[in-house]
Amino acid sequence: FVDKTAYTIMFGPDKCGEDYKLHFIFRHKNPKTGEFEEKHAKKPDADLRTYYTDKKTHLYTLVLNPDNSFEILIDQTVVNSGNLLNDMTPPVNPPAEIEDPDDHKPEDWDERPKIQDPDAVKPEDWDEDAPAKIPDEDAVKPDGWLDDEPEYISDPDALKPED
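Following my numbering, the numbering of the sequence shown begins with 259 at its first residue and continues without gaps.
Do not take every clue at face value.
What the hints assert, rightly or not - Calculated pairs, PhoX-like style, for lysine-lysine (alpha carbon to alpha carbon, straight line, at most 20 angstroms):
| hint | residue 1 | residue 2 |
| --- | --- | --- |
| 1 | LYS262 | LYS301 |
| 2 | LYS279 | LYS297 |
| 3 | LYS273 | LYS287 |
| 4 | LYS297 | LYS262 |
| 5 | LYS314 | LYS273 |
| 6 | LYS301 | LYS279 |
| 7 | LYS279 | LYS313 |
| 8 | LYS273 | LYS313 |
Keep in mind the hints are simulated off the structure, nothing from the lab. Note that the structure is a prediction, hence the values are computed from the model and not measured.
Assemble the whole structure, with the sequences as input and the hints as a guide.
Structure representation (structure tokens):
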């Protein structure tokens, strides 16, 4: 093997000086360009230094599941997990929208959540006195329905935030 040897999956520990890494990289063929791209898993949340400096043997495990999820374990403890399609860098599935750094909101942009339409009119048969909800005459409450229970039950252990 040499550094240019082709691979599909690269997985395992790597120590270079004071840099402690746990690699999970796979090569994926881009269906549009036909080129192979390396997809790298995010760095584990765990501090890897102890695994490299304790002078013990460790079991490194990569689990790939049919639902495209993965787990990386050291000594049967999960240190990293994610989804092959979304959590790799760069992602296998690119974002639906690509950020445009030159795109800016116009200065006269109206920030109001709702804007009244001055030309809107209600239909001629609109009834202001009609109830907001029409009761269902055929509806039957299930057995054991608690009519007298309060709608909201307070939580005695809840604390009100100071802000």
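Structure-based check of all given hints:
A hinted pair counts as satisfied when its Cα atoms are at most 20 angstroms apart, and LYS262 with LYS301 does not qualify at roughly 23 angstroms. Distance restraint check for LYS279 and LYS297: the Cα-Cα separation of roughly 16 angstroms lies within the 20 angstroms cut-off, and the hinted pair is therefore satisfied. Between LYS273 and LYS287 the CA atoms are separated by roughly 28 angstroms; this puts the pair beyond 20 angstroms, and the hint is violated. Proximity of LYS297 to LYS262 is assessed by CA-CA distance (about 16 angstroms); at most 20 angstroms being required, the pair is judged to hold.
At most 20 angstroms may separate the alpha-carbon atoms for a hinted pair to count; LYS314 and LYS273 meet this at roughly 15 angstroms. The suggested pairing of LYS301 with LYS279 holds, with an alpha-carbon distance near 8 angstroms, which does not exceed 20 angstroms. For the hint pairing LYS279 with LYS313, the CA-to-CA distance comes to about 16 angstroms; that is within 20 angstroms, so the pair holds. Distance hint between LYS273 and LYS313 is fulfilled; the C-alpha atoms sit about 13 angstroms from each other, no more than 20 angstroms.
In this structure, the hints that do not hold are numbers 1 and 3, in rising order.
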